[in-house]
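Participant: Full structure from sequences and hints, please.
With the working numbering applied, the sequence shown corresponds to residues 50 to 162, in that order.
In case anyone wonders, no lab produced these hints; they're calculated from the structure. Any given hint might turn out to be false.
For lysine-lysine, the following DSBU-like pairs were computed, each having C-alpha atoms within a straight-line distance of at most 35 Å [to be verified]:
#1 K141 / K72
#2 K128 / K141
#3 K110 / K95
FRET-style restraints, in silico, Cβ to Cβ [said to hold, decoys possible]:
#4 P151 / D108: 33 to 41 Å
#5 E125 / D63: 29 to 37 Å
#6 P151 / G71: 36 to 44 Å
#7 L74 / Q50: 22 to 30 Å
#8 G94 / I116: 30 to 38 Å
#9 H92 / D67: 31 to 39 Å
#10 S93 / G71: 37 to 45 Å
#11 N112 / G138: 28 to 36 Å
#12 D67 / Y97: 15 to 23 Å
#13 D70 / G138: 16 to 24 Å
Ideal Cβ positions, reconstructed from N, Cα and C, are used throughout, including at glycine.
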Amino acid sequence: QETVGAIAIVDGPDHVYDHLDGKWLSDTNKYVVIHRVAIHSQHSGKGYATELLQAVINDIKNNRDDIDSIRIDTHEDNKAMQHLIAKMGFSKVGYLHGAYRPNETSFVYELIK
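Facilitator: Quick look at the structure:
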């Protein structure tokens, strides 16, 4: 048995978003953030990231009555993750500049629950 993927779900507020260059779809503090979606390189391209992210979104929608929205971000160069996020129904709401590393930009998304 081996680990194929991992994901982190963090309850808001997430202060990495304090300096969002953009505008949220919702003006709520009742949100969760999905971070670090990762699939082991030996298992990439098999749809596991889609399955993992969809399962987490479904779980949040079905079991978290205290949550109004789901937020996520990814590096500007991570085209595969940008595609997956859009496929899951998220809307791009803005950018983070230098939030994780200096001189790097991340795209930020939100999904209303």
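Participant: Range hint 22 to 30 Å: satisfied by the CB atoms of L74 and Q50?
Facilitator: About 39 Å separates the Cβ atoms of L74 and Q50, which means 22 to 30 Å is violated.
Participant: Does the Cβ distance between N112 and G138 fall inside 28 to 36 Å?
Facilitator: 18 Å Cβ-Cβ, so the 28 to 36 Å window is violated.
Participant: Just to be sure I understand the hint, the distance between the Cβ atoms of E125 and D63 should be within 29 to 37 Å; is that true here?
Facilitator: violated (19 Å)
Participant: Taking the beta carbons of P151 and D108, is their distance inside 33 to 41 Å?
Facilitator: Once the Cβ atoms are compared, 35 Å apart, the range 33 to 41 Å for D108 and P151 holds.
Participant: Taking only the CA atoms, is the gap from K141 to K72 under or equal to 35 Å?
Facilitator: holds (9 Å)
Participant: K110 and K95 were given as a pair; does the straight-line alpha-carbon distance stay at or below 35 Å?
Facilitator: Measuring from Cα to Cα gives roughly 25 Å; hence the hint holds.
Participant: Given the hint of 30 to 38 Å, check if G94 and I116 actually sit that far apart at their C-beta atoms.
Facilitator: At roughly 31 Å between Cβ atoms, I116 and G94 fall inside 30 to 38 Å, so the hint holds.
Participant: Is it true that the C-beta distance of D70 to G138 lies inside 16 to 24 Å, as the hint says?
Facilitator: holds (22 Å)
Participant: State, for the Cβ atoms of D67 and Y97, whether the hinted interval 15 to 23 Å holds or is violated.
Facilitator: Because 32 Å falls outside the window, the suggested range is violated.
Participant: Run the distance test for K128 versus K141: straight-line Cα separation, threshold 35 Å.
Facilitator: holds (13 Å)
Participant: Tell me if the beta carbons of S93 and G71 are separated by a distance inside 37 to 45 Å.
Facilitator: Taking Cβ atoms as reference, S93 and G71 lie about 30 Å apart, which means the hint is violated.
Participant: Indicate whether the distance between the beta carbons of P151 and G71 respects the range 36 to 44 Å.
Facilitator: Cβ of P151 to Cβ of G71: about 20 Å, so the range 36 to 44 Å is violated.
Of the hints listed earlier, those the structure fails to meet are numbers 5, 6, 7, 10, 11, 12, in rising order.
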